[in-house]
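Asker: Those protein sequence lines, which keep their order, are chains A and B. For what it's worth, the working numbering labels the leading residue of the first sequence as 19, then goes sequentially. For what it's worth, the working numbering labels the leading residue of the second sequence as 19, then goes sequentially.
Derived from the structure by calculation, the hints contain no laboratory data. Worth double-checking, as some hints may not be accurate.
Any copy, or any two copies together, can satisfy a pair, since identical chains are not distinguished.
[Unchecked claim] Taking lysine-lysine and the BS3-like style, the derived pairs with C-alpha atoms no more than 30 angstroms apart in a straight line are:
1) K218 with K290
2) K33 with K290
3) K228 with K218
Protein chains: 2
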Amino acid sequence: MPLTPDIARLLDELKQLAAISAHPAPAVTRVLFSGEDLAARKWLLARAAEAGLESRADAVGNLFITLPGLDPELPPVATGSHTDAIPNAGAYDGTVGVLGGLEALRAIAASGETPRRSIELIMFTAEEPTRFGIGCLGSRLMAGSLTADEACQLRDSDDRSLEQLRPETCEGDLESVQLREGTYSAFVELHIEQGPELEKAGLDIGLVEKIAAPAAFRLRFTGSGGHAGAVLMPHRRDAFLAAAEVALAVEQAALDSSSPDTVGTTGVIEVKPGAINSIPCDALLEIDFRDTDLDARDAALASIRDQAEAICTRRGIELDWQWINSDPPATCDSGILSVAETHATALGFSHTRMISRAYHDSLFMARLCPTAMLFIPCREGWSHRPDEYASPEAIEKGATLLAHTLLDLANA
Amino acid sequence: MPLTPDIARLLDELKQLAAISAHPAPAVTRVLFSGEDLAARKWLLARAAEAGLESRADAVGNLFITLPGLDPELPPVATGSHTDAIPNAGAYDGTVGVLGGLEALRAIAASGETPRRSIELIMFTAEEPTRFGIGCLGSRLMAGSLTADEACQLRDSDDRSLEQLRPETCEGDLESVQLREGTYSAFVELHIEQGPELEKAGLDIGLVEKIAAPAAFRLRFTGSGGHAGAVLMPHRRDAFLAAAEVALAVEQAALDSSSPDTVGTTGVIEVKPGAINSIPCDALLEIDFRDTDLDARDAALASIRDQAEAICTRRGIELDWQWINSDPPATCDSGILSVAETHATALGFSHTRMISRAYHDSLFMARLCPTAMLFIPCREGWSHRPDEYASPEAIEKGATLLAHTLLDLANA
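Given only the sequences and the hints, what does the whole structure look like? Please build it.
Answerer: Pasting the structure below:
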């Protein structure tokens with residue numbers, strides 16, 4: 019039975035969803051539990067209802083949209099991704115997996131064949147770390163990699179807690195979000211590559227074998243302020259200059275790593291008092307560091323820590339090092355990859371095995387059930403920016419392969 | 019006739035003024051034309067009215083409070099400073115000069131002696147560069163060092179103009195703010211040192227002979243964003259890392275300068291998109307650089323510019339260098355300094371000649387008339403921070419010396 023996703027509808031829905039944004043097009047901004055995030059959730063549930071699919075939310079706002087199988091007692095197959103977006107991001111990160119997944123469910127339903135297992139589409143809460151500094155909030159709680167107690171400690175930059183911010187539609191206690199292993203028989207996530215390799219190689223599909231191990235940490239530098247004109251250079255304890263040195267050390271540690279996949283990024287910098295004529299007394303950095311090779315990553319992190327301490331000692335700065343997360347890598351399921359590979363070949367889609375340097379909800383789903391990811395190319399590898407772009411052809415091939423793979427897994 | 023400022027009243031007024039703040043005590047925050055700035059102006063005018071002194075405002079909000087002399091046709095003597103405060107500053111910067119000046123006027127009036135010339139207390143608008151990035155807005159316009167046209171181009175971070183923001187009490191066109199040379203016969207500003215030298219030497223009074231030459235500039239770095247996990251290190255054009263290198267180069271240039279008084283500070287850093295998992299595509303730095311030696315300062319600035327260009331070329335970053343201001347130093351009037359020195363000795367106040375590394379409205383008043391500054395010690399040299407502090411004794415000595423100096427100059 020051929021599965022034929024309605025690509026025109028899928029593209030139109032991607033457009034509709036992109037329009038729900040705190041910044042004007044082409045930028046997309048949907049921060050967790052902002053008005054836009056809540057509007058996007060409502061919009062997605064309306065699309066599910068239109069398609070005749072049941073949906074529910076858990077206590078952290080993960081949404082579950084179900085296509086029932088012949089035997090609803092069997093662990094379902096799941097797919098999904100996220101719809102939240104960092105400030106001034108693009109229209110394809112996460113959304114291709116959610117709306118491509120919805121289209122796959124509709125295509126399977128339209129085919130007339132009812133699979134053995136149910137298929138669930140999951141929209142995960144806050145894959146992006148924008149609000150609380152921690153990524154994959156929804157899937158992390160589902161996998162038990164973040165406990166409900168730890169989640170209750172999270173605060174946003176306005177010191178508001180997850181408990182305060184989660185809307186009434188998030189029912190139950192945060193403890194109830196965690197799932198037991200075996201809840202799902204398989205999980206497959208469709209996503210744009212967010213890197214340049216597929217486009218460069220002219221390939222349609224990337225079959226992800228491994229997801230890099232992410233770590234993130236927050237550094238607070240406390241020095242001594244004062245008037246920019248009056249305090250002579252040798253008497254200063256400038257918190258920002260220590261932070262600047264550490265940011266450069268992060269870059270150097272990634273460049274010097276024994277693994278070619280090590281990446282380190284200082285994406286958040288805040289300085290107080292933040293006046294042109296005042297010496298910074300406080301600085302905050304948030305740093306993201308990842309690798310497919312856990313040993314290489316952790317060796318680089320240890321070197322960064324040594325250097326940060328040496329820099330701060332030399333400059334008379336107090337350093338507070340706070341881990342946000344430090345996760346192991348995930349290995350994708352070879353069975354799922356074989357199923358996807360077979361279908362890709364049958365459909366005439368060119369493909370390759372690859373690694374994911376970005377992390378995704380799949381990193382945590384892999385702790386609950388056999389998991390794999392399907393990548394499609396995106397222009398220049400650009401992501402997290404307004405000019406992020408995946409072609410209609412790429413999206414169609416991704417959604418089609420996802421539909422065939424899900425149907426096959428649901429009949430297993 | 020002995021002049022006896024009422025130190026209890028002066029300290030009480032400093033306390034009242036400090037309470038008009040956007041941040042809770044001990045922090046003081048009064049940004050130009052904020053609710054707090056406007057409230058502080060109103061409060062000051064009420065104190066002047068209580069003392070029976072006439073007051074007026076010019077078109078940029080500089081306030082003038084007058085003690086009439088015997089011959090109102092003669093150019094008056096002036097004193098003054100500012101009441102605006104950067105975020106989380108202290109209670110003494112500027113305010114000691116304004117309220118000490120008010121107390122000096124009241125002490126002269128109370129003495130029963132009417133001086134030959136009128137004495138004007140000036141509260142200058144926005145000595146701090148917080149809102150528009152440029153310091154000494156009021157005195158700069160008075161001296162013609164900033165034209166009305168240039169002032170009309172200024173925008174704050176919300177893109178609002180000076181025209182939009184100045185309140186109705188600022189009467190007339192901005193052109194009318196500029197004064198002709200000789201409007202005043204002399205100007206004397208009382209100020210806390212904002213450096214540690216007087217306290218370290220155990221001295222009461224600093225007689226300022228020279229004010230360092232300030233320069234300020236804004237650098238915009240444009241690179242290329244992307245996902246922190248997916249873009250490998252060699253392919254990055256990270257705007258923040260270029261900015262971090264430039265901030266360190268600014269520090270090094272100040273340290274390497276041939277003049278011991280060179281100071282360079284990067285006080286403002288903003289990065290976009292500002293998310294932990296995104297490579298910074300844009301960065302902005304605001305840098306303050308000063309010296310008493312104009313040649314040493316400009317040589318260091320030229321070296322910073324060369325280095326910034328080399329850093330940005332190497333990193334593939336586009337650099338936009340925008341001057342905010344670049345002012346020559348000011349030399350204080352030896353006649354006024356002699357008058358002040360004679361009184362200091364007579365009053366039994368220990369004193370020294372010194373330079374001001376911070377700039378003040380005196381830098382611009384020196385272009386209009388003979389000018390000098392009187393410094394009093396402040397704890398540890400701290401300024402622009404909540405724990406800024408000058409002792410009651412130091413403030414009393416400063417206000418007393420100011421009163422004697424003004425009366426003497428007003429009888430000349």
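Asker: Reference check for the pair K33 and K290, CA-CA at most 30 angstroms: within, between, both, or neither?
Answerer: So K33 and K290 pass the 30 angstroms test across copies only (25 angstroms; inside, 40 angstroms).
Asker: When no copy is named, should K218 and K290 be tagged within, between, both, or neither for a Cα gap of at most 30 angstroms?
Answerer: Answer is between; shortest inter-copy Cα gap is 28 angstroms, intra-copy 43 angstroms.
Asker: Have a look at K228 and K218 and pick one of within, between, both or neither, based on CA distance no larger than 30 angstroms.
Answerer: Within one copy, since 20 angstroms is at most 30 angstroms while 63 angstroms is not.
Against the hints set out earlier in the document, no violation occurs for any number.
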